[in-house]
Amino acid sequence: MLNFRKFRRMAVETGIGLALIGGLPAMAATPQTELLRWQQAAGQTGDAAKGQVFFGQRHGGEWSCASCHGQPPTRDNQHASTGKKIAALAPAFNAERLTDSAKVDKWFKRNCKDVLSRECTAIEKADVLAYLIGLK
Amino acid sequence: MPTQVPTVYKQECAACHMAYPPGMLPAPSWRRIMTGLDRHYGTDASLEPAQVQQVSAWLLANAGTYKRVREEPPEDRITRSAWFARKHREVDPAVWKRVSIKSAAQCSTCHTQAEQGNFDEHQVRIPR
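Chains as they are written, first to last, in the numbering used here: chain G, 1 to 136; chain Z, 1001 to 1128.
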């Protein structure tokens, strides 16, 4: 017989279960899961060599990714216009990097617009992440 | 600098430049800046609508009202304000061009306590 108390416990447990399923991927983002996310969206594997070229190139505008992040982006660098310190981008040199999907999305959106005057494609992001993760 | 600084101001605005004291620009300048964040001095600095709301409210509540700050500077740039030019008139133009200084936007290069809102000239150390 399903009494109220049992029902409530089941509901709570189901809720916790759903919260874990729903919450874990976002909480547990790693550079690898971020790379996988963009590879899945692109239907291709990220290419570190292509990512390296993309990162250092200007794309019709004044700046490349490296203008602010340096190349290789394994050390602190300076913002190209303000001079503000920008901490190392490669995750092997800065453990905070690529561990928050919302931040990854936000900065790709802003910075791609600054460098390419458009958003980056999924494969461009996968290539860049493959390059960044490969820096040791 | 107001004692209460929203986390979003430090996290978002101060990711690319110093957390400027709101009192350095008048309210109309901050209002224009906050309604054009996708074209922010050559970069896309867009925020979520709720964050824009929060930062704007704080900037406007603490905007400059002192007589010299009340004037809206060209391009809403702190560094184009008449008071800024006057305060820095003894600094030789060649000094600004030094690699170690690079940009007038980075107050803390010379104003060592700028991040704490202290621009006292006794704390100024101009890098070689």
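Calculated directly from the structure, the hints in this document are not laboratory data.
What you are looking at is a predicted structure, and each value in this text was computed from that prediction instead of being measured.
Heads up, the beta-carbon is just placed ideally off N, CA and C, and yes, glycines get one too.
Careful: at least some of the hints might be erroneous.
What the hints assert, rightly or not - Listed below are the simulated DSSO-like cross-link pairs for lysine-lysine, each with C-alpha atoms no more than 27 Å apart in a straight line: (1) LYS1087(Z) x LYS103(G); (2) LYS113(G) x LYS1087(Z); (3) LYS113(G) x LYS50(G); (4) LYS85(G) x LYS109(G); (5) LYS84(G) x LYS103(G); (6) LYS1102(Z) x LYS84(G); (7) LYS106(G) x LYS85(G); (8) LYS103(G) x LYS136(G); (9) LYS136(G) x LYS84(G); (10) LYS106(G) x LYS1097(Z); (11) LYS1010(Z) x LYS85(G); (12) LYS109(G) x LYS1087(Z); (13) LYS85(G) x LYS113(G); (14) LYS136(G) x LYS1102(Z); (15) LYS1102(Z) x LYS113(G); (16) LYS1067(Z) x LYS85(G); (17) LYS1087(Z) x LYS1097(Z); (18) LYS50(G) x LYS109(G).
To be verified - Covered stretches of chain G, as calculated for chain Z (at least 3 residues, CB under 8 Å): (19) 69-81; (20) 109-118.
Tell me the numbers of any earlier hints that the structure contravenes, in ascending order. 1, 2, 10, 12, 14, 16
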